[in-house]
Amino acid sequence: MYQFFLDAWAALRLRFYPKTHYRYSPLIIVPVLLTLGLINMANMSQFLGHQAGITVFILALTVLRWGILGMTMQTILGYYSKQPGQWYGYVLVTEALILPMIAMLYWPQALATAGSFWLIWTMVVQVSGFVRISQQNVFKVALAYIIYFLVTSLAGGMLLLVFSTMGWLDINSMAQSFQQILTMPAAETGIR
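Each step along the sequence shown adds one to the number in this note's numbering, with nothing skipped, and position 25 is 17.
Wrong hints could be hidden among the right ones.
Quick list of simulated restraints, FRET-style, between CB atoms [unchecked claim]:
no., residue 1, residue 2, range
1, S73, W99, 38 to 46 angstroms
2, P76, T157, 22 to 30 angstroms
3, S73, L146, 24 to 32 angstroms
Calculated directly from the structure, the hints in this document are not laboratory data.
Quick reminder that beta carbons are idealized off the backbone N, C-alpha and C, glycines included.
Required output: the full structure, derived from the provided sequences and hints.
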């Protein structure tokens, strides 16, 4: 786990390694994905409501997004550059950079600006790493992100449909929770 945090610290400072460097055991991958999923669930619960299936859905969606981003970058950037290795480890490192965002749950108004800058910086770090490690231009990386967005939207919708069909999620109550958030004054939600 120490090496994982060193890699995240290096990426945060825009220092990248070849993608073969970012190999981690399941003992690191599983807890990091679980933590990311729980943070995402805590952030999304106010929008999606408080149902039992939300936690499992968001955890599954987090793993799905991680896998799709790694696969998409491997497919698109691998088409242009035949470097050895997979992108899954690098994606995990850069996705883990949002872990400090847990503080936003406790102090949303106080950390809103800093949190926004942090999210922007983590995105810059991820894109910069894809560009520098793959030695491709930013337009090819942008193409991969567009395809990732489309595939993730489709796969996420299918996952939502499966959870709804199985009775684990109630889409109507999710829509009502989201509608309540939209009608609340900005002071109550922390959203401006």
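Here is what the structure says about each hint:
1. S73 with W99: 38 to 46 angstroms: holds, 42 angstroms
2. P76 with T157: 22 to 30 angstroms: This hint is violated: roughly 41 angstroms between Cβ atoms.
3. S73 with L146: 24 to 32 angstroms: The hint (24 to 32 angstroms, Cβ to Cβ) holds, given that S73 and L146 are roughly 26 angstroms apart.
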